[in-house]
Every structure is written in structure tokens, then in C-alpha cells.
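Q: So the chains spell out like this:
There are 2 protein chains.
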Amino acid sequence: MLMNFDPPPGDSESPGLVVLQFSSPIQLQLQAEHFKRVPNSSKLAKKLTHALRYILGEDDDMPTPTLFTEMDTLQHDGDEMEWKESARWVKFEEKVEEGGERWSKPHVSTLTLHSLFELRTCIQTGSVLLDLEGYSLPQIVDDIVDRQVADGLIGPELREKVSFVLLRKHRHQHKKPIHLSLADMGKSNNSPTSEKWCVSTCFSYDVSDPAQSRSMNDISDKPSTDQMKNKFMKKIPRDAEASNVLIGEVDFLDKPFVAFVRLAQATTLGGLTEVPVPTRFLFVLLGPHGKGKSYNEIGRAIATLMVDDLFSDVAYKARDRDDLIAGIDEFLDEVIVLPPGEWDPKIRIEPPKKVPSADMRYKLYVFSQVNGTGTAGGPGGGEDEEMPIPHELGEELQFTGRFCGGLWLDIKRKVPWILSDFSQGFHIQSISAVLFIYLGCITNAITFGGLLGDATDNYQGVMESFLGTALAGTVFCLLGGQPLIILSSTGPILIFEKLLYESNTIDYMELRLWIGLHSCLQCLILVATDASYIIKYITRFTEEGFSSLISFIFISDAIKKMYYPINRVFKPDYVTTYRCECIAPDQGDHLSVTGPTLLPRLSKKECVKYGGALLGNACKYVPDLALISFILFFGTYSMTVSLKKFKTSRYFPTKLRKLISDFSIFMSIMTFVGLDMLVGLDTPKLIVPTEFQPTRPDRGWVVMPFGKNPWWVYVASAVPALLVTILIFMDQQISAVIVNRKENKLKKGCGYHLDLFWVGILMAVCSFLGLPWYVAATVISIAHIDSLKMESESSAPGEQPQFLGVREQRLTGILVFVLTGVSIFLAPVLQYIPMPVLYGVFLYMGVASLAGIQFWERIKLYLMPAKHQPDFSFLRHVPLRRVHLFTLVQIICLAVLWTLKSTVAAIIFPVMILGLMVVRKMMDLMFSQHDLAWLDDILPEKEKKKEKDGKKKKDHKRTKAAEPESDEEVRDED
Amino acid sequence: MLMNFDPPPGDSESPGLVVLQFSSPIQLQLQAEHFKRVPNSSKLAKKLTHALRYILGEDDDMPTPTLFTEMDTLQHDGDEMEWKESARWVKFEEKVEEGGERWSKPHVSTLTLHSLFELRTCIQTGSVLLDLEGYSLPQIVDDIVDRQVADGLIGPELREKVSFVLLRKHRHQHKKPIHLSLADMGKSNNSPTSEKWCVSTCFSYDVSDPAQSRSMNDISDKPSTDQMKNKFMKKIPRDAEASNVLIGEVDFLDKPFVAFVRLAQATTLGGLTEVPVPTRFLFVLLGPHGKGKSYNEIGRAIATLMVDDLFSDVAYKARDRDDLIAGIDEFLDEVIVLPPGEWDPKIRIEPPKKVPSADMRYKLYVFSQVNGTGTAGGPGGGEDEEMPIPHELGEELQFTGRFCGGLWLDIKRKVPWILSDFSQGFHIQSISAVLFIYLGCITNAITFGGLLGDATDNYQGVMESFLGTALAGTVFCLLGGQPLIILSSTGPILIFEKLLYESNTIDYMELRLWIGLHSCLQCLILVATDASYIIKYITRFTEEGFSSLISFIFISDAIKKMYYPINRVFKPDYVTTYRCECIAPDQGDHLSVTGPTLLPRLSKKECVKYGGALLGNACKYVPDLALISFILFFGTYSMTVSLKKFKTSRYFPTKLRKLISDFSIFMSIMTFVGLDMLVGLDTPKLIVPTEFQPTRPDRGWVVMPFGKNPWWVYVASAVPALLVTILIFMDQQISAVIVNRKENKLKKGCGYHLDLFWVGILMAVCSFLGLPWYVAATVISIAHIDSLKMESESSAPGEQPQFLGVREQRLTGILVFVLTGVSIFLAPVLQYIPMPVLYGVFLYMGVASLAGIQFWERIKLYLMPAKHQPDFSFLRHVPLRRVHLFTLVQIICLAVLWTLKSTVAAIIFPVMILGLMVVRKMMDLMFSQHDLAWLDDILPEKEKKKEKDGKKKKDHKRTKAAEPESDEEVRDED
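For the record, the sequence lines run as chains A and B.
Just so we're aligned: the first sequence equals residues 17 to 990 in this note's numbering.
Just so we're aligned: the second sequence equals residues 17 to 990 in this note's numbering.
In case anyone wonders, no lab produced these hints; they're calculated from the structure.
Some hints could be false.
Put simply, identical chains are the same to the list, so a pair is met inside one copy or across any two.
Said to hold, decoys possible - Dumping the calculated DSSO-like pairs for lysine-lysine here, alpha-carbon to alpha-carbon at most 30 angstroms:
(1) 661 / 724
(2) 362 / 876
(3) 661 / 883
(4) 758 / 514
(5) 671 / 576
(6) 100 / 552
(7) 369 / 876
(8) 369 / 761
(9) 309 / 674
(10) 333 / 577
(11) 671 / 761
(12) 758 / 805
(13) 370 / 883
(14) 763 / 621
On a predicted model such as this, the values are computed, not experimentally measured, just so you know.
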């Protein structure tokens, strides 16, 4: 360290002598620091680290309770005095706004260096009473005063006066329910400003016995009802204890009176604290008039220290005054300093999203003490060490080498969760998720059902689509490896069926059955051989390409559906010339001679029914339809987006906002169904089949395997089945990878083999029943996960809620598909829903599944000047042009995929995913592994190489480090 | 202060002795501070303050140059060494992202306390060379090394080695133009991570002479072309000087080598600095290997100090080492400390909107030193002092008591600005402002023209409206007191004209002329008697009520215009039954007998022309009209809002964004005019008159005053004229108050009397010409101001642009009205603009004028839980229920006004403003003056009382303060 400028000539272990050798007292500012700075004094450094470790306990298994700190200041009202709450800390500071009579927003406690040093002096010179046996405040106060008198810090004549002051009653800032404060609103408040808070009725006095309230002791020992009713209690952990800070100016003292008390047992001291939390610590600072602001800052400093994780540990375990001082020194050593010219101290700093944990800080501290590198504070501290979290390969994707080894592991992994898979489903969020996904599923079922019906002459129609969705989905969610995955028909399957139906004269349903059976068999072989392990080569690059493509298809389908013709040549002046007439059929040919025979009483349908022709410039238009559809479509989409965002708005209480956000889709649909009904235009509605029978009357519910085709077809169908298998495998597994992404923080593990097993089985079943084939649907599955995300309830005020994971359970999925099955009976309700509204939901799903993809963020970077770009960690480590190049490759891949999927080649779509993986492999040649580690993940075989490289680099570093041996020593001690 | 715990027994003026009396060295941490802490040592305190004052110079008129700091660190590449730029400071820190090869965003330099103390030690122990005569780097380096050798800090054998290291070449981080870095993108970069930056081609080497580059001296004395081309130069003030910080680890030193150099003259030292700025300061820290991170932090600390306003002053004026130390101590005393458990040091803190100025800090510092209250740091510091800025009453509203005194002052105030009133108009922003306001004005002219035409049987129609707007507006903007005000017809005038025309048999135009003449006379009397002074009773309460009401009217008018009928019963199936037929007129009565005679070849207009009747269920509907109108209307509005917001987005360079934001309205209008043309529906278009003649053929351009009415009418018309006068006066002046709001930071003063003078004169002129009367239009005037707002170009990177004021000039106004006048010739272009688009602009104007009104912010508070409310200063000082009550009163007033204006009572509308002022007066009884000062402004007569109160309070405080005498003493010295 730098102290080796002036190596102390004396023995470095006798600091008392050293003091005078230094040219300025600044070098002594922290005695402890001095030790650290003596060059090569690794023994001493270790001693200090030992000291801190000793205080905190080497094997510290029992965590200390959380501390709630309340700071009360002494208020004078003429001759009367009372303690008024002025701030409180759970983790962050909340201040009482004097004039506002309210709590400020929780904010980071910005302290002055001054106050921290003064606090240190206070602890050094004042009374420190550790493990005081205290059962009531008067007794504790007596003990404090006795000690002060004994130490000669105050004269005995002041004993009475100090006690009197310390036992004045405490007034707390209570948040009133809004209806009460509204009722208060009318009350006139004309008193002069300076006395306003005194006459205010907003405070609740803690007076258990009015007669006693002016006596010596204003404090009662029972918690008051105000305390019990205080809703703030919810924000304080159950095991919390309180530390009370009392700060006051009095006229009888000529020097400050300081006491730091730790009680042997946390004790509820009546109205001392605003909440009924037992008090463990007490810090008292009384001083002569005139320095109020300074005292206040000292109070804030000790309060901030008390809620600091490390210092509170020290405070609980300190054996003497010196331990406390060491704690303050440690705190000082870690503080972050803002230059006065670059920051306005009046700004209240919002709590950050994440704060370093106490453990982390402790480790860093100990490490830095020993290594002498100072703390890791300051931006960029420890930046070199920072590396992206490597692509995690769970045991799920290990190649077991045993027959069905992976499947067996999947089952073993899933069985323990069976109960919680259902119990965790009971939550209000599940209702919104079910509604949302249900609507997505039936829209999908209707869309695909309609298309399949067209493609196969109704061999498979809407009815089959509903039934198949319900059957396959329910089975998969009940028994599959990852019940968050939603099965659905997908585009490639649709194209395959279309080609199959068109291209041969062989009986379609029977051929399809055999293809399904072969494919099922092939899937089972893949399961048995653990073939799914190859998907570990699917990195972020492939994932993003696939899911972006699927999202784009979703979005473009939704928008395409919105086309309705508009009569653009309509001129209001020629309104008299617009009509659409029904012309009798037989006259069509000699129309020019006799003029058409008009049939004005026939409606459009009747006209067509009787073979008439519709003639006129108004026939093909439905006025206002295009635009109302647009409004319904776009309105549903944008209302959903706005309501989703509403969670982070300032309005309404948090719970209500969360509810609104969770039910945003439901509320948007209801709103626009309502609007549609109100406008009353004849928009296309959701029509589900109402009778339980196959769409085509000439087919039954079961397909017979034999009889209609020659025998060789049964064998030859294995070849097209292979295509279907690849298609199913890729589509299923990549969706599963996306669902199982580490960002989703899933806890119950995945089950790729089990998933594929059930998809295979369901194929066979569906083939027998003549239902469409099902596979994981990326977009709806992502929507499912998004609608089930959990956030921590923010505990301390100001703490940001953390994303905890997903409500992993089978209930929502099962419910969605059961509902889909019974939709046939829900037709009377569902018929009010206009299709544009549902396509709006589609659009939302597509756009939402794009959000949060890093690829998307990187595309945006193209449009941003470097200085406005967000502070992504990959931008700190990879040059912008490399980032842009990576993104460009992705864009090109996506464009190629999009072009291919628009042609008949769509059927080899899943094979193209393999193409993506090949492109990714080739990118190893274009990009360094370092860049790829930040932008993508490292491919498995490179992983090991990388690790080796990393180790080499580390070794290199170590040889450069000054005290490698001490580093090693510490490791040994650990 | 707290040091009176341990009163030093010795003489308080001999600190050397005192040192040992203290129980811990912490109390000595800053010797200077120690002085401050000795109780009642006001003499000493003054000494210190004197010291700092002495360094900074008592009469410090010459500001020191701004410092640009660059920090270079020594990089080893095998045996090669070079200095690589690692961070720079103009005001905030920008770091080179090692991996990213780019500049980080500017951020607040978060330092560790450690590094600051270590820096202090460095300055104490290293070489300090002040006012060194330096002309080249080698010579300066020689001087530094000589001094170090002379001081015995390094051995003479190291002289060569140190010089060699210090003269290595400097490599700077240059921002490449994007097209170059895109071209770079393709370059393969497969080198291993650890060496990547070395082979990168992104850096530009500063090698003037390749042959010389490996020689002893890598530094050339001429600025390189890279330096000259560096665009960053724009961000550095012209007079700036550089301070260079060099930090490196070398293997030949066993203890650090520290030097702080101030050159006598700032000198350009070749490639030392990335920009061609002369270097004034040089800080060198070389040390043994292994402490690189620690050195780096020290470098950041000195760099941060050098850009600190106060410290850089000290550095320029320091006479010796101790002055620098005093500067560091002062800095330390002011720093803001963040507790380690509440803040993650990795977070880069964005620069705040505003930082305390150096002057402010200096004053606070001196004050706190003398008073011993510590620094004002920490949130809430000096909060008690905080008071709302009082309602400013310029000399404009003083009652002069002289004939035309106010008018004379107005003219005197305005004359000096005549030239700049035109020259300041030449700016690109003016173009967008003119377009925006022009469109608002013609929309208004057409709307009011149409309504007036209806009300007066076309005595005043659209033609008159255009002409009057052009005439009145041009004259007012050319000669008025506040040329930012836009004149327009307003609602009350319209109602008055309607009543006037309907209610009598007297000749309308002549009567109107006489009313106008009387009213003009009355206005002139008001001007002559300085009657406008009464508007100083218009406080925020009245302003907000008035402007909200006007905005609501604007918004509701815009929305009302959007009603078009939709054929809601249309069923596509019955398309054959919809028609609209023209029936011959004479057959209407025996229709039932023979059936109607259809005239299918006639268009709607022709049908009506020939007296036919339109019959059918399709007649009153225009398909798709309602919805396309809605889309145009709402689209224009929301696109404008989005583009306006675009200024703060991350995309595109700042200038482009500003342009887009400025022209948002124009671009939105163009877009939706384009959409309208594309869709081709027959939407209502903007039709302006194309021939220059009165709307009604039987009236001429001039109205004769006599002849048509009996003589008593000429006299009696003074009575209705009085109503018009009040109406004009209130409407005009309150709009003027809103325009002249202090928030707008107008610099050229206002001219209430002059404004009213011209409004009066124009009334008379318009009456003679039979044109409508004009008065200030609140909403359009606010829009005018908003479109002319200026922001400072951000100078230092990261500094927030400040609102500077409004482009106050007459050019935009004049252009708007000249354009309005010549609109008759613009008809071929204007006819493409659909009215819904213009009403969208109206809606935008209405909503935009509501934004930023505190009333509106307070309404939002009703919906927010207290903890989510923004940190408004009035919420810190006024209890929430009082705020809510105040808002409630405003809402009730507004509701009453709204109800009244919807009735015929609208004509007394301006009188109701007086009513608002009465309500405000009564609120003095409901609210304390303290609350009103925060929520509103204090009424003039209360102002004085308040001032007295404030003084009393202050006095009271002072008696409480401990050292009133020292406070007084300092004041005397000032």
C-alpha cells in the first residue's frame, strides 16, 4: 500500500510510537487502517482480519435478527418536551416530512463524512453499556445515567434532569387511512406557520393514563393500540428487533451526553417504538442547544449503521467499545463517496435494484484486507473478474449411455414434485393465466382448424381441432416433463398435411394413421437413446433465431387477418347510385336486351341460395367493417400493453396494480367486446362448433389401420414419418429449451425425454382418432410462463421486488385444455367475442414474446448513437462493431428463414433450425470465444478449452500479484 | 461541536499540544477540522476560513479556466510500454470500456474514501512543483525527476528509467465515425482474449515520425492530426486547460513515485492529451507492481478533484503543498457518503439534473465552518431555510399614479428590444413554430368564421374571420407589448355577437361599430389609468382555473367535431335492401297510390337542387367516414405526442431528435394527410375562401357610423360596450399573465398596458371594417411559447440541458398572420387537409396546455398512494390533506365555471374570473399563509405580513442559536 512512502522507523507493531512520526495526523485517521498500511505487515493484517472474524464468529451459523431503527428527536413546545419520530430505517431511510406530516419515500441514506467521524468520537467517549439487563425504560435510563455519573461524564446534580428528558412521551408519525385524512381535510388550520405542527391533530399521543402523562414518566410499558394497529408492521420481518436513536438539544448540559446500550434481551419498552417490536439497542445523544443539525446527522449516521448488515452483526457480537469502533472503521472503509461538485446533496437517491449482500461484502472485505488492494468499491471494482455466467448444462442433457436412462432420470426428477404441481396452482394469478392462455388456445384451434379443414376437405376441421387440442394438451400437462409447455398445431404440420392430402390417391386417413404410428415409434427410439442430448448445442443464437421467427409469423398472421375491403370510391354526393341487387339467374344472358329482373325482396343469402346473381357497386363492401375491426384489433392490443405496464405506474396501491396487470388481457377483451356490442356492427365473431360430431359426416371417430391401402403403404409410410419425426423433434425440443431458459429461474427441472415420449404417444393416439398432431407452441408457451411469473413482495420499504421464478404447476395447463374441450358448451358466451379482438391478443402474444430477447435489444443498438446506448454488460466487454456484426448475422439468418418458410420449403423448416446450429458453429471462426461468451453461449466442446484458457490467465495474474503467498495462506485457513 | 466532550486543557491555540490529549487519533484526522471543533474558538475558525479565502483570493473576479482531465495508465505489452487513455473528465467521468473499446456513458465519479486518503498522503509525501516553467514534456519530466532525486525520494540510478517510462507514447481512445467502424466490422478477430486490445486496429497511434517512435522520446511536440480532428473538442469550453494524470506500475521501483506539477503557463505537450488543449497540471504516480487497482483509484480521485470547481480554484492558486492539502480537506468535508449496504458500487450514477454551483458551495462551506454546523450535506440540509420563490411583481404592474404612466413604461421597456425582436427570429425552430401556430390559427379562423356566419346571417363569415385574424394579429405582433401572444376570436365574443344580432331590430353592423368604438374608448381609459395593475391579484389558483377551463373547452370542441353517424343497423346479409333514392317532388303527396317516381340518374346535390326528396335507409350515412375520421383525428394527436416525446428517446443523434420533436406537428399532419389521400375516402376537407369579397354580398368592406340607427343608439351602446370591455380586459390580461408566467423565463419583460392599448385600437378598426373582434387566445399562445422554448446545448458530457427561456421575438407571430392573410391563395394546397387532422392538432394544443400545470399534478395525487407520490417540494411542506382540499376547491370552481359557460351565462364568463379571484381571497380564511405560499402565491397585501412573520421566526431562531455573536461577526466582515 501507499504507506510505504514513509516506512515507520520504529517497530511496526507499536503504533503508539509511530503516531508522531507522520507528518500529518490524517494518516492516523483510522488506527486500524494504519495497521493495514504498514508495508509487508501481513501478520498484522491477518491480526486485524482475525479481529473482525472473531467479532463476527468464525462459524457463524446463527444469523442475527433484522434491525428496525427509529430515530426520535426532542421537541420543545414552550416548557413541554416530547420525543417526536423523525425518521425510520428498515433497510432504507424514511424521513418524516416536517411540513408534510408524512413519510418521505424510502431512499438511500446519504451521510456526511463529518457525521460519521463525529459518531466515532461519540462511541469512543460516551458510555457503552453492553448486555444491560433491562426490563423497563425507567430502569434502563437509570442505569445509563448511573454509568455516566460513575464515569464522571455528568455531574450527579444532572441525574434528575436527564432522566426526566429521556422519559418524556414519544409521538410517532402514523399513516392515517385515507378516508380519515380526507375527513380531516375540512378542518381549518389557520394557526401561524411556526406552531402548525403543534396544534395538528394528525399525531396520536401515546397516553395510556392521562393523569400520569405529565408525571415524571410519560412512558407506559404496554404496547399501545396505535402500535398494534400500525400497518407498517407488515413491512418488518417477524424476527426483527428495534434499535432506538434519541437525539435532543437541552439547556442544562454544556457538553454532549452519549450512550450506546445493548440489552441482554430484546424488550418491548412501551411507546418507545412506533411498532410493537422489542428494543435491543438504544443510542442516546443529548447536547447543548445550537448544534441540532449536527446531532441530527450523527443520529442518522448511527441509525444507518445499525441497519447495515455487517455493522449490525458487529453490534450484536461486540464485546467492548473497541469492537464497535472496529465495526465503524470497517464501514468507513467500504463507503462510497460522491464528489460534492457532481452531486446535489438534496437529491434523495432511490434505492437501487440490487444491493451487495452482507456475505459478499464480508468476503470482499476480508480478501481486500489481506491482499491490501483496498476495497472493491468504486465502479469497475473487480471488473476483470466479471465473466458471463456459462451456459448451464443440467444433468437433464447428459448422455447417460443407458437404455431409457434419460427418461428414467426425468421421471425420477419429476415424481417428487407431484403434489406441489397441483398445490402451487391455487393462486389468483392462475385464473388470469388460464383465461389468457385459454383464449389464445381456442383462437389458435379455430384458426388452424379452419385451415386444416380447407386443406383436407374437412377430414380434419374445427371440431377435430378443438377435440385434439383438448386431449393432447390435457395429457401432456398432466404427465409431461415440463407442464408449462402448451401444445398446439403448428405451421409445418399444416403444410405437411396439405401436401399429404393433395399428392396421392391413397386413402388419406389410413396413410396418416400409419405415418403417425411410425413417427411415434421413431420418437420412442429417440427417447430410449437419449437423443435429446444434442440440443445442448442450441445456444442463445439458435434460440433467438427460432423464437423471433415464430413470433414474426404470429404477428404477421394476426395482421393479415385484419384485411377487409373498404369502398374507397364512395362519394357521398352519389349516394343515390350505390346499391346491390339480386338478379334472377335465368336472365343473365340476355340482360342487355330486356334489362335485369330484380328480386329486391331477397337477402344476400337467399339470393345465392336460389341461384341469383348479386350485381351492383355496393355488393362486396360492408361499410365501417374494416375500420371497426382495426379499432377492435389495435385497441385490444394497445390496451393490453398499457395495462401490463400499469404495474409500474404510480397510481393506485401495489396490489390493485398487480391485479390490473395480471388481468390486463381479460379486461381488454371485455372492454372491446363491450365496445363491439355498443357499436353493434356486424363484425366476424368467434363461432365454435356446438355439436359433438366429426366435421365431415362420412368419417367416424376412429380410423381403422387396415383395409383401404395396399400392404406396402404400411411399410413405406416410415419414410414420410421420418420427416415428421424430425419436424416434431426440433419443434418440440427447441420450444422446450426456450421455456427452460435460465432466465426463467425454473426450479423443478425439465424433462426433455419425458416430453418427447408423450408427444410421440399422443401422435399415435391422435392418428387413431383422426385428430391433428400436436407439438409445443413457442409463443403460447412463453405467454404461459409470462403470465405465471412471481415477484417477491417487497419487504423493506424501497426494496425492489425481485423476480423469483415461475409458478411451476400443472393446474393452469390442465384447466386451459379442459376448458377448450368444454368450449362446445360455452358457445353462447363465446359468440359475442369478435375475431379482431382475438387477433389483437395474438398480436400481443407475438410482440410480448419478442420483448426481452437480447437479439431485439441489439437490433435497437443500430439506431442509437453510442453514448445513448444502455449500459449492457456485453457492451462493456465486446467492441460495438463486433456486436453489430453478430446481430447482422442473426438478421440475415432470420431473413433467409423467413423467405424459406414463405415457400413450400416450409416443410423442411425444422431442418433449417439445424442450419442455424451449423451457422453458429461457423461463427466460432469469425468471433473470438470471449466475444461469443458475452453475446451467445460457448459451445460444449469449446467450454473446456475456454476453462483451460481462463485458468492459464489466472495463473499468469497470480505470478504478477505482489503477495501470492498470503493469498494462499488465507485459502489454507479457510 | 462534539469536540467539547473532551475540552483540551491547554491553550486552544496550540494544537500541537492538544493532539496527544485525545483518546484516539481519529479526532485528528483533519488538522484543519480539529481547529473548527475546539469549542468557542471562533478566532481559530475564522483563521481557517481566512486561509481558504486567502487561497481563493478575497476579491476573486477572474474565474480560473475550466479543466479537462485525462487519465492515462501504463500498459505493458511484453517489453514495450505505452500510456493508454483510461478515463477522462470534463465535469463527469467517462471511462474507456476495456473490452468494449468505447467510452462509457458520463457518470458521477464514485470514489472510495480509501483512495481519497491515500491521495492526500501522496500529495503530502510526493514532489509538488508549482509554477514550473515548462515548454516540452522531456524538460518537464527532467525537472520532476531532478526534484525527486534532490528530495532523496528516488536514487539517481533510477533517473533514466523513470524518464524513459514517462516519455512513452500515448494512445487515446478515439470515437470512430460509424461508417468506419461498420467497415471494420467484417474484420476477423480471432486472437485470444487476453491480447485482443493490443492487436486491435481501433486505436490510432500518435506517431509523427515512425523512426523516432522507439527512441527515448515517444512524444512529439506538435498536436497530431488525430488530436485536431477529435470531435470531442466541441464539448470542451474554449478557454479550457488540461490536467493529465499518469498512473503506472513498473518493476524497477520499490516504493511509489509521486509528483504533482503546475506549469507556469499552460503548454501543449504534443500527444499527451487526446484533444489539442494546453496542459496546466500533471499528476504522476508510478509504483511497484501489484497495486494497480489501488493506484488507479488514486488517479481517479485526483482527476475528480481537478474537475471540482472549488478544488481546481485551489489548485490554480495554491502557494504550497499545504494549500493543496487544505483543498483536499475542504473537499473531504463536503463529500456525500453512501452506506455500502444500501448501494452497489458497480452502479454508475447518472449525472443529476442540477449540481450545486461552486459559489453556493463556497458560501455554504464558509458559513458552516464559522457556525460550526458542519456542511449542509445530507438530504434535508438547510431544508428549514427553503421557501417557495415569492410571486414576483415586476415594475410592470406597479401603480404609477401618472396619466399613461404604465403605458409609457411599457414602451420604454420594449423599445430597446426592437432589433433583437427580429434578429432572434431567425432560427429553424421558428419555422416549425410558424407552421404549427399557422395551422392552429386557420383552423380557429374557419371554426369561428363558420359559427359567426351562422350566428349573424353571414354578416361576418369565414372571409371576415380570415381577414380580421390576419389584420389584428399582424398589428399586435408588430406593435404589442408581448408579441408571443396570439390574438383570436373567443367563445364569449361569439356569444355576445349572437345575442346582439338576434335581440334587436336596430341595424346590426352600425350598432356593432358604436359598441366597438365605445369599448375602444373604455380600454384606452383603462390603459391611461394603469388599471391593469389589479391583475397582480391573479395568483396561480386563478391562472390554473382559467387556463384549465379554456383547455377543456378546446378539447371538448375538438372531440365534439368528431361526431359522424354510423349505420349501426347494417347487416351484410341485407346488403340488397340498402339504398337512397331521389323521388320527384310533385309526386310526394300521392305516393301511396302510384308509387314514387324514381330519378336514379340524379346525384344527391342535383336531386336537392331540382326539389327532389331523398328516400331510403342509406341516405344519412357515409360508410367508413366516422371511423376514418376517428383514425385521422386520434392518429394525428397521438403521433404528435409520440414525436414530441421522441426528444428524450435513446435513438438517433440529439440534433435529429430535436428536429423531429420540433416538427412533430408538421410531420403528423403530413402523414395523416397522406393516409387520407391513400385511403381516398371523402373526408371533410379544409376549405378556405378563394375570392377576396365579403361573405355577404350586400355589405361592403367599410361600415358607416351614421344613418341607419336613431341618435340615442350611439350613446346607449356604451352600456353593452362596458360588458365587452370587461370581457376583453379579463380575457386579454389573464392570458397575458399566463404567457408571462415566471416559469417561462421571459427576459424582455411584458407590457400589459401596451397590449390592452392595441387590443382597444384594433377593436375600433375591426368594427369599422365589419370584422370580428380579437383578444388573446390562451391555448394558442401557450402553444406558441412551447414551440419556441430554448434549451442549453449540453456542454460537458452528461450535463443535462437546461431550459433557458423562450425565443422572444415578433417574427413568428407576424409570419403566422401574414400567412393567414394569404391563405386565400394557398387554397389549392390547403384543400388536401382533412378537418379531422386539424381537430387532432386542436386536441393536442388543448392537452399540451394542460400539461405542466401544477393543478393537474395535484389531481393525479388523488389516485396515488402517498408512498408513490413524486417528491414535489410542496408535499414536503404541506400536509397531504391540505393539498387535497386545495385541489378540491379548484375542481369545484372549475365545475361551476364549466356549468355556467354551457349556459347563456357564458357572456358573463370574464366576470366569473373575478369570481375566482374572490374565492381565492376567501381561501385566506381556510388555509394558512404557509400552505398557500407553497400551493399558490401569496396575495400582495399578505406578502408584507408574511415577510414580517418570517423575520420574527428568524429572530426567534437566532436567539436559540448557540453562537449568535460569531454569526454576526462574519456578517460584519462580509
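Q: Next step is simple, just say for each hint if it's right about the structure.
A: Structure-based check of all given hints:
Proximity of residue 661 and residue 724 under a CA criterion of 30 angstroms is satisfied in neither setting, with 57 angstroms inside one chain copy and 68 angstroms between copies. Proximity of residue 362 and residue 876 under a CA criterion of 30 angstroms is satisfied inter-copy only: 24 angstroms between copies versus 35 angstroms inside one chain copy. Taking the shortest Cα distances, residue 661 and residue 883 sit within 30 angstroms of each other both inside one copy (27 angstroms) and across copies (19 angstroms). Taking CA atoms no more than 30 angstroms apart as the test, residue 758 paired with residue 514 passes in neither setting, with 37 angstroms inside one copy and 72 angstroms between copies.
Taking the shortest Cα distances, residue 671 and residue 576 never come within 30 angstroms of each other, neither inside one copy (38 angstroms) nor across copies (37 angstroms). With identical chains, the CA atoms of residue 100 and residue 552 are never at most 30 angstroms apart, being 62 angstroms at best within one copy and 41 angstroms at best between copies. In this assembly of identical chains, residue 369 and residue 876 lie within 30 angstroms of each other by CA distance both inside one copy and across copies; the values are 24 angstroms within and 26 angstroms between. Within a single copy, residue 369 and residue 761 get their C-alpha atoms as close as 18 angstroms, which meets the 30 angstroms cut-off; across copies the closest is 37 angstroms, which misses it.
Taking the closest pair of Cα atoms, residue 309 and residue 674 never come within 30 angstroms of each other, the shortest separation being 41 angstroms inside a single copy and 45 angstroms across copies. Within a single copy, residue 333 and residue 577 get their C-alpha atoms no closer than 69 angstroms, and across copies no closer than 75 angstroms, so neither meets the 30 angstroms cut-off. For the identical chains of this complex, residue 671 and residue 761 are intra-copy neighbours only, at 23 angstroms inside a copy versus 42 angstroms across copies, given an alpha-carbon limit of 30 angstroms. Only within a single protomer do residue 758 and residue 805 lie at most 30 angstroms apart by alpha-carbon distance; the minimum there is 14 angstroms, versus 48 angstroms between protomers.
In the homo-oligomer, the alpha carbons of residue 370 and residue 883 lie at most 30 angstroms apart both inside one protomer (24 angstroms) and across protomers (20 angstroms), since each shortest distance falls under that limit. Proximity of residue 763 to residue 621 under the C-alpha cut-off of 30 angstroms is found in neither arrangement, the shortest distances being 57 angstroms within a copy and 74 angstroms between copies.
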